[in-house]
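Student: Residue numbers (my numbering), protein chains in the order written: chain A, 320 to 450; chain B, 320 to 450; chain C, 16 to 160; chain D, 16 to 160.
Hints may be right or wrong, so weigh each one.
Derived pair list, reagent style BS3-like, types lysine-lysine, alpha-carbon separation capped at 27 Å [said to hold, decoys possible]:
#1 Lys150/D with Lys150/C
#2 Lys85/D with Lys360/B
#3 Lys418/A with Lys360/A
#4 Lys85/D with Lys150/D
#5 Lys418/A with Lys150/C
#6 Lys150/C with Lys85/C
#7 Lys418/B with Lys360/B
None of these hints come from the bench; they were simulated from the model.
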Amino acid sequence: MHAPPVENMIMELQERIDGDALVATVLESRLDASSAPALKKRMAALIKDGHHRLALDLSAVEFIDSSGLSAMVSALRQLQGDGDLVLIAPRNTVLSMFKLTRLDRVFRIFPDQTQALAALASPISQCAPDR
Amino acid sequence: MHAPPVENMIMELQERIDGDALVATVLESRLDASSAPALKKRMAALIKDGHHRLALDLSAVEFIDSSGLSAMVSALRQLQGDGDLVLIAPRNTVLSMFKLTRLDRVFRIFPDQTQALAALASPISQCAPDR
Amino acid sequence: MRTGSISLTIDSEFQHVFLVGIAVQQICSWIPLSDQSAFEMEMAVVEAVNNSIEHACHNQSGHPITTRMKLSEDRIIFVISDAGDAVIGLPEMPALDDHLASPPERGRGVQIMRAVMDEVAYRTDGTSNFVTMVKYLPIVRTEDN
Amino acid sequence: MRTGSISLTIDSEFQHVFLVGIAVQQICSWIPLSDQSAFEMEMAVVEAVNNSIEHACHNQSGHPITTRMKLSEDRIIFVISDAGDAVIGLPEMPALDDHLASPPERGRGVQIMRAVMDEVAYRTDGTSNFVTMVKYLPIVRTEDN
Ligand SMILES: Nc1ncnc2c1ncn2[C@@H]1O[C@H](COP(=O)(O)OP(=O)(O)O)[C@@H](O)[C@H]1O
Ligand SMILES: Nc1ncnc2c1ncn2[C@@H]1O[C@H](COP(=O)(O)OP(=O)(O)O)[C@@H](O)[C@H]1O
Numbered sequence: 320m321h322a323p324p325v326e327n328m329i330m331e332l333q334e335r336i337d338g339d340a341l342v343a344t345v346l347e348s349r350l351d352a353s354s355a356p357a358l359k360k361r362m363a364a365l366i367k368d369g370h371h372r373l374a375l376d377l378s379a380v381e382f383i384d385s386s387g388l389s390a391m392v393s394a395l396r397q398l399q400g401d402g403d404l405v406l407i408a409p410r411n412t413v414l415s416m417f418k419l420t421r422l423d424r425v426f427r428i429f430p431d432q433t434q435a436l437a438a439l440a441s442p443i444s445q446c447a448p449d450r
Numbered sequence: 320m321h322a323p324p325v326e327n328m329i330m331e332l333q334e335r336i337d338g339d340a341l342v343a344t345v346l347e348s349r350l351d352a353s354s355a356p357a358l359k360k361r362m363a364a365l366i367k368d369g370h371h372r373l374a375l376d377l378s379a380v381e382f383i384d385s386s387g388l389s390a391m392v393s394a395l396r397q398l399q400g401d402g403d404l405v406l407i408a409p410r411n412t413v414l415s416m417f418k419l420t421r422l423d424r425v426f427r428i429f430p431d432q433t434q435a436l437a438a439l440a441s442p443i444s445q446c447a448p449d450r
Numbered sequence: 016m017r018t019g020s021i022s023l024t025i026d027s028e029f030q031h032v033f034l035v036g037i038a039v040q041q042i043c044s045w046i047p048l049s050d051q052s053a054f055e056m057e058m059a060v061v062e063a064v065n066n067s068i069e070h071a072c073h074n075q076s077g078h079p080i081t082t083r084m085k086l087s088e089d090r091i092i093f094v095i096s097d098a099g100d101a102v103i104g105l106p107e108m109p110a111l112d113d114h115l116a117s118p119p120e121r122g123r124g125v126q127i128m129r130a131v132m133d134e135v136a137y138r139t140d141g142t143s144n145f146v147t148m149v150k151y152l153p154i155v156r157t158e159d160n
Numbered sequence: 016m017r018t019g020s021i022s023l024t025i026d027s028e029f030q031h032v033f034l035v036g037i038a039v040q041q042i043c044s045w046i047p048l049s050d051q052s053a054f055e056m057e058m059a060v061v062e063a064v065n066n067s068i069e070h071a072c073h074n075q076s077g078h079p080i081t082t083r084m085k086l087s088e089d090r091i092i093f094v095i096s097d098a099g100d101a102v103i104g105l106p107e108m109p110a111l112d113d114h115l116a117s118p119p120e121r122g123r124g125v126q127i128m129r130a131v132m133d134e135v136a137y138r139t140d141g142t143s144n145f146v147t148m149v150k151y152l153p154i155v156r157t158e159d160n
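Here chain A stands alone, though its shape is the one from the complex (with noise of 0.2 Å):
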């Protein structure tokens, strides 16, 4: 069900499956155009295998352009209101993004792993949290 590992080496990200979600934390401290691809196909391989309920985990990400932005646009796309894709402790810098682009509207936010299960297990809704 899962692909090679040679994919997580290329991107860096370590997986793990809680009840129906699977968290994904990106080890990759710039999350850019020549990194993002592979977390793109990465999420696109997971989604397709059935992992619907994802969280990513951005608290090692230092820095993010806006393809690294569009990797995580696309796999909510993939979803199609069929599941969700949260993000996890985005450092300040990084969360800046998202506000200054409005995808903070788009992603539910949450500052821990915790939280993130939480939300995921409840049943989805499509309004986002108070941020």
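Got chain A; can you put chains B, C and D with the ligands on it based on the hints?
Tutor: Leaving out everything else, chains B, C and D with the ligands in the frame of chain A:
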């Protein structure tokens, strides 16, 4: 007796008289080929004006190159053994360049202004303290 | 503060862009700009360089992309240049709140550049294309003696 | 680790050299090198660039000095180039303990370069002169799965 203040501004040196000694604190974070000539010139003027017991506080210096080292050697040479120039609180990286060039055996280096002033107050010996 | 200029040149491949980003970010931090502002400068420059690679050089390697960075007392000027295909101009700032229901996958680069910079302009001289971005600095007066 | 190349070009004036230094230091820190090693790389590059300005360009502005930096898995290669006057070679490592009684004012730049780098070489092709400095990196193996 002092050079015009504009000199100080260019190289960002803060000067303070303490008894017989003059403590000059380098406020510039880089002692390199673009800032060292001003330091060298100012030290030369101070020595010419009769300041022969000098302490240079390097605690704010983050980067030094060989022209920075050269400015200090120049001052020491100008003293010709009549007086001393001691150094205060270089960072580890900066200190490592004194060691690499063996200038740690040429200059007496102290962790703080108090110890530097005490050393300058006592009769000047030719041997460096234990480091 | 110190003034000066530097040009950062990479080949037109995404793998090199992080080196420009890191250099820009650290030079901005040194000025000093805040972490947030230095991050924003890095973002804008990385977006502009990515666009040169993608839209002017069509993801073909072998073309130099230069980021010229000029620090003066009151501003930082970045000029990103390539010798690739020219366009008439960059898109204007989009209406940010459109598409919240179905966000587009792309098209956020120029938006970020325009949001974090004080000026963004595009021009071409027939040979090279230039994206000029300017960030104004707060003027810090040193105490009068 | 990421690999890549960047060229850092300044005009032949001391006022711009700090921009090269800051960029080199931060890229080295990012690799990551230790603070001490990143400082040493910055020192060596700054010394080499200063020497190009002073000895090859005779302190005349208007000549580009380029520092090419190439990161690969096992080394960093720095090539500092100028189109100024050539010499036959750089001085060898001096005997460090000479002159302690009466230390010379100058002549520590090449000594620092040779001390902190694993390789230092000088060559000229008649048009440009190149100082190549190489730092070996400890090879970090990622865990085998
Ligand atoms: N340097 C450039 N050269 C040519 N076209 C550009 C350049 N920068 C931007 N563009 C044009 O502007 C559009 C918007 O760019 P951007 O906001 O970065 O989004 P994206 O690159 O995702 O399309 C691009 O699709 C392209 O048509
Ligand atoms: N890039 C260069 N081009 C020409 N000569 C050089 C270059 N680098 C060094 N040299 C020569 O090597 C000598 C030693 O250089 P260095 O150790 O940096 O000390 P300094 O620059 O203080 O003399 C210089 O005086 C110069 O003659």
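Student: Could you run down the list of hints and mark each one as holding or not?
Tutor: Checked hints:
1. The hinted pair formed by Lys150/D and Lys150/C fails the criterion: a straight-line CA distance of about 36 Å is larger than 27 Å.
2. Using a Cα cut-off of 27 Å, the hinted pair Lys85/D and Lys360/B is violated, with the two alpha carbons roughly 38 Å apart.
3. Between Lys418/A and Lys360/A, the direct Cα distance comes to roughly 25 Å. Compliance with the 27 Å bound is thereby established for this hinted pair.
4. For a cut-off of 27 Å, the pair hint linking Lys85/D to Lys150/D stands: about 11 Å separates their Cα positions.
5. Proposed proximity of Lys418/A and Lys150/C is supported: the alpha carbons are some 20 Å apart, at most 27 Å.
6. Distance check on the hinted pair: Lys150/C and Lys85/C sit about 11 Å apart at the alpha-carbon level, within 27 Å; holds.
7. Of the pairs offered as hints, the one joining Lys418/B and Lys360/B holds, with about 25 Å between alpha carbons and a cut-off of 27 Å not exceeded.
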